[in-house]
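Numbering-wise, the sequence shown is residues 2 to 224 according to the numbering used here.
Hints listed in this document are in silico derivations from the structure and should not be mistaken for laboratory results. Be a bit skeptical, because a hint or two may be false.
[Stated by the list, open to error] Below, a list of computed lysine to aspartate or glutamate pairs in the DMTMM-like style, where the Cα atoms sit at most 20 Å apart:
no., residue 1, residue 2
1, K70, D109
2, K171, E161
3, K70, D48
4, K70, D51
5, K192, D168
6, K70, D52
7, K70, D80
8, K171, D184
[As the list claims (entries may be wrong)] Label-pair restraints from in silico Cβ distances:
no., residue 1, residue 2, range
9, G98, H160, 16 to 26 Å
10, N162, N183, 15 to 25 Å
11, G103, P42, 40 to 50 Å
12, A142, A165, 19 to 29 Å
13, S180, A102, 19 to 29 Å
14, S170, G53, 32 to 42 Å
15, S170, D52, 16 to 26 Å
Glycine included, every Cβ here is placed at the ideal spot set by N, Cα and C.
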Amino acid sequence: MSWRRYPWKRRWKRAPGSPAKTIVPSSGKVTVEASFAEIAPEPLPFDDVDDGDWFADAVRFVYENGMMKGTGDTTFAPDATTSRSMIVTILYRLEGGPQIAGSSPFTDVKDDDWYGDAVRWAERAGVVSGTSATTFAPNAAITREQLAAILMNYANYRHENTSARADLSKYSDADQIPSWANDVMAWAVSKGYISGMTATTLAPQGSATRAQVAAILQRYLAD
């Protein structure tokens, strides 16, 4: 698996370990052999993430690449919900944290809030919209269908192809997806970014946990 390389951002860190290879110059006079031994990664500082957890690799990926931090010095809180402000902040970090002039159009987002710049950027880039004309609800837990919408908006912002669609009819709760979210969920499922909570359920209105967000980001950036 090779991480997608963003021209405006560093190459994402790969998993450790590469096969040995031989480099032979065209002259044939010199052979240089370089062996790359697998080096165990540094342990994560989180007491609540074990190596055997399904989300461990994803947590390591987002943590080492500066997209998500711990909720404390030794906790990641993988089962905690993710807020709207957290999601836009992660995408804002992917963009390198550009400076955004002016104020937010939302009365519940202050310029000096820790997520203020991120919300201003996301709103102006068309990545997110408010919950009303004047509110953003930064602390509201984000649902899986909302996350799919934001991720698709971000992909469109990056001028990526978002035409793929999956057939959601195999999911028994597909009828619970509101009309505005059908397209975005079909796209996210087709790309493998969002998978079912079970073989037959999508839980579109379910909250996206921090572990799920980490996994979705890893899948998206690895595509």
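Verification of the supplied hints:
With a C-alpha separation of about 24 Å, the suggested pairing of K70 with D109 is violated against the 20 Å cut-off. Restraint check for K171 and E161: not satisfied, since their Cα atoms lie roughly 27 Å apart, outside the 20 Å limit. In summary, the hint linking K70 to D48 is supported, as the alpha carbons are separated by about 14 Å, within the 20 Å threshold. Among the hinted pairs, K70 with D51 is consistent with the structure: their alpha-carbon atoms are about 16 Å apart, no more than 20 Å.
For a cut-off of 20 Å, the pair hint linking K192 to D168 stands: about 12 Å separates their Cα positions. Between K70 and D52 the alpha-carbon distance is near 18 Å, which keeps this suggested pair within the 20 Å criterion. Note on K70 and D80: the hinted pairing holds, with a Cα-Cα distance of about 14 Å set against a maximum of 20 Å. The straight-line distance between the Cα atoms of K171 and D184 is roughly 16 Å, inside the 20 Å bound, and the hint therefore holds.
Hint check: G98 to H160, Cβ distance near 20 Å, so the stated range 16 to 26 Å holds. At roughly 19 Å, the beta-carbon separation of N162 and N183 lies within the given 15 to 25 Å, and the hint holds. With their beta carbons about 42 Å apart, G103 and P42 fall inside the hinted range of 40 to 50 Å. Look at A142 against A165: about 27 Å separates their beta carbons, and that is inside 19 to 29 Å.
The supplied range of 19 to 29 Å is broken by S180 and A102, whose beta-carbon atoms lie about 36 Å from each other. The given range of 32 to 42 Å is respected by S170 and G53, whose C-beta atoms sit roughly 35 Å from each other. Judged by the Cβ atoms, the range 16 to 26 Å given for S170 and D52 is violated: they are separated by roughly 37 Å.
When the structure is compared with the earlier hints, violations turn up for hints 1, 2, 13, 15 and for no others.
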